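2 protein chains.
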Amino acid sequence: MYSLEELKHFIHQAAKDLEVSREPKELYQPIQYVFQTGGKRLRPVLSLMACNLFNDQVDQAVMPALGLEVFHNFTLLHDDIMDGAILRRNQTTVHEKWDQNIAILSGDVMAIMAYEYITDCPVDILPEVIRIFNITARSVCEGQQYDMNFEKQLNVSTEDYLLMIEKKTSVLLAACLQIGALIGGAPKPDAEQLYDFGLNLGMAFQLQDDILDSFGNPELFGKEIGGDIKSNKKTWLLIKALEMANPGDKKELVKLLAGTNRDDDGKVDKILSLYNKLGIKELAEKLVQFYFSKTRTSINNVKVPEKRKLFLRELTDSLMNREK
Amino acid sequence: MYSLEELKHFIHQAAKDLEVSREPKELYQPIQYVFQTGGKRLRPVLSLMACNLFNDQVDQAVMPALGLEVFHNFTLLHDDIMDGAILRRNQTTVHEKWDQNIAILSGDVMAIMAYEYITDCPVDILPEVIRIFNITARSVCEGQQYDMNFEKQLNVSTEDYLLMIEKKTSVLLAACLQIGALIGGAPKPDAEQLYDFGLNLGMAFQLQDDILDSFGNPELFGKEIGGDIKSNKKTWLLIKALEMANPGDKKELVKLLAGTNRDDDGKVDKILSLYNKLGIKELAEKLVQFYFSKTRTSINNVKVPEKRKLFLRELTDSLMNREK
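Sequence lines, in order, name chains A and B. The working numbering runs 232 ahead of the 1-based position in the first sequence. The working numbering runs 232 ahead of the 1-based position in the second sequence.
In case anyone wonders, no lab produced these hints; they're calculated from the structure. Accuracy of the hints is not assured; some may be wrong.
[Said to hold, decoys possible] Under the rule of at most 35 Å between Cα atoms (straight-line distance), these lysine-lysine pairs were calculated in the DSBU-like manner:
id	chain 1	residue 1	chain 2	residue 2
1	A	257	B	535
2	B	272	A	465
3	A	257	B	248
4	A	482	B	556
5	B	541	A	257
6	A	535	A	509
7	B	466	A	257
8	B	466	A	329
9	B	487	A	518
10	B	539	A	257
11	A	329	A	518
12	A	420	B	257
13	A	248	B	513
14	B	462	A	466
15	B	462	A	329
16	A	257	B	240
17	A	248	B	420
18	B	257	A	513
Every value quoted in this text rests on a predicted model; they were computed, and no experiment measured them.
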């Protein structure tokens, strides 16, 4: 069995050989740049861990795992154009560093590379891997569209929001685990348990992101606290606050949200006070625990010896206790 | 054996069932719009014809053929953003009718749908179909990048240009034929002959497009003659003229190209005169014939009875004699 660090190393090695020295360089340099900036490599590591639950070897799962990471980075690259983001992982975004056309086209090539690598899996499970990934990839795009819709939409319910993050974030984590498990030789029911595990982990993870953005420890968080509030982002916290606030507080909240994407009039402090008054943080934490406990049920149901589950449990626990 | 009209009908029927009634509608309406505007459906028809060379049934090839058309339309959608195009097939482009973000994301979903449909093929040839399509899809993006590079590049050779159109246009036609043939049960060498057939057909087709844009019959062409010249597009005609012109003519040509994207100072007439003086049209037509004759060699080499090749020969001949 491989540790987290060993699995990260496999991904790191495979990423080095990414075919980015190809021509035209205008197309491949941005892809190399995106990959060098790194990130947590959470998706491919989860995929390899799922494989490793069932199989002592993970080599057949490395390229598909890398493909899933390439797909994730493709969606970030295009999302950054759509959001007009200047920075990603503390580095200038591709459309800022090069230009928008190059960002669109490099992203398109990354989507194709993702399919190339993901379909580089054992041929007996190829149709099933493709089926899972197609549904997932489409769902991620649908999630991004809902996210963009919500920016302009007045009434977004917590149910709408949870469906959006399920599509935009959770299904990809779920697919990473399911595909990794299938490559490892998992029986179908176990692979489905791991899909559910990933789905609920994704929900918990995204909600925790929302909590950290408003209530994180500024010294540990790595970004400024209150970024979501400043930019009027409709997170679960904000939607819940809008649902729960009394008429007076709601009026004040709507007024603050109608303003600029800056911290005018102490907007961040005012909204944080309201969150505190309504106990929003505790409600969000309860929801994180709800999804987290579902991940435990799923992993418990996977029919492999308990000791094989050690690294996946450790990783999940550390994700749930993260400060950034 | 099915006629051109019958094959078009199969594609038309399959396109009707395109999953475009899905939510969110902001994502799927533009896809439906792109599909309703139609086009020649050349790629899927060629794919079905290649299948029909080897097999009386083409039903297994319909979804992959549609997928290849969806992929083609995805590239047009993103190219139109990059080129800032206002019209496509006489209809407002998606980024003009909706907005750029929707055009990026709808395009992304179309790329995924393309993979969905193309991989809906007999499982015994699935790995080979995916391999061919992955290389092709990447190549199309590389071709688009070269095309964008050439706009800013002073010296583009005819060899550079031919490589660019091979990647941007020809390889997809080639892949359509090869994949269709494989689904029809073609032996590998025959499928490769059909790949070559499509590759050379694509070269002939694109060069003919360039000729028609400058020398077409205005009444039959359907668009204004001289559009490429006006917009300083580096077509084979222009590159060849720059290569062949005497120093005085070349200086004049470079001066005209440095101007606006309009017909200032009778630019179109002046450049057409130079083309006539240098015999550019005849040289281009000779090159079209060169590629066209290669398609004949390839189709002759395909080991099926001559009568099965009838419709493919007819379609190729009509493409070579088109006025628009």
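Hint-by-hint comparison with the structure:
Restraint check: the Cα-Cα separation between residue 257 of chain A and residue 535 of chain B comes to about 41 Å, which exceeds 35 Å; the hinted pair is violated. For the hint pairing residue 272 of chain B with residue 465 of chain A, the CA-to-CA distance comes to about 44 Å; that exceeds 35 Å, so the pair is violated. Taken as a hint, the residue 257 of chain A and residue 248 of chain B pair is broken in the structure, with Cα atoms around 39 Å apart against an allowance of 35 Å. Pair hint residue 482 of chain A plus residue 556 of chain B does not hold up; C-alpha atoms about 62 Å apart against a cutoff of 35 Å.
Annotation: proposed proximity of residue 541 of chain B to residue 257 of chain A is violated, straight-line Cα distance about 41 Å (limit 35 Å). Annotation: proposed proximity of residue 535 of chain A to residue 509 of chain A is violated, straight-line Cα distance about 45 Å (limit 35 Å). For the hint linking residue 466 of chain B to residue 257 of chain A, the alpha-carbon distance of about 20 Å falls within 35 Å, and the restraint holds. At most 35 Å may separate the alpha-carbon atoms for a hinted pair to count; residue 466 of chain B and residue 329 of chain A meet this at roughly 27 Å.
A hinted pair counts as satisfied when its Cα atoms are at most 35 Å apart, and residue 487 of chain B with residue 518 of chain A does not qualify at roughly 70 Å. A hinted pair counts as satisfied when its Cα atoms are at most 35 Å apart, and residue 539 of chain B with residue 257 of chain A does not qualify at roughly 47 Å. For the suggested pair residue 329 of chain A and residue 518 of chain A, the alpha carbons sit about 41 Å apart, so the restraint of at most 35 Å is broken. For the hint pairing residue 420 of chain A with residue 257 of chain B, the CA-to-CA distance comes to about 33 Å; that is within 35 Å, so the pair holds.
A threshold of 35 Å between alpha carbons decides the hint, and for residue 248 of chain A with residue 513 of chain B the separation of about 48 Å lies outside it, so the pair is violated. A threshold of 35 Å between alpha carbons decides the hint, and for residue 462 of chain B with residue 466 of chain A the separation of about 48 Å lies outside it, so the pair is violated. With a CA separation close to 31 Å, the supplied pair residue 462 of chain B and residue 329 of chain A stays within the 35 Å bound. Of the supplied pair hints, the one linking residue 257 of chain A and residue 240 of chain B is violated, its CA atoms being roughly 39 Å apart against a limit of 35 Å.
A C-alpha spacing of about 34 Å is found between residue 248 of chain A and residue 420 of chain B, which places the hinted pair at or below 35 Å, so the restraint holds. Simply put, residue 257 of chain B and residue 513 of chain A have alpha-carbon atoms about 33 Å apart, close enough for the 35 Å limit, and the pair holds.
Checked against the numbered hints given earlier, this structure breaks hints 1, 2, 3, 4, 5, 6, 9, 10, 11, 13, 14, 16; the rest are met.
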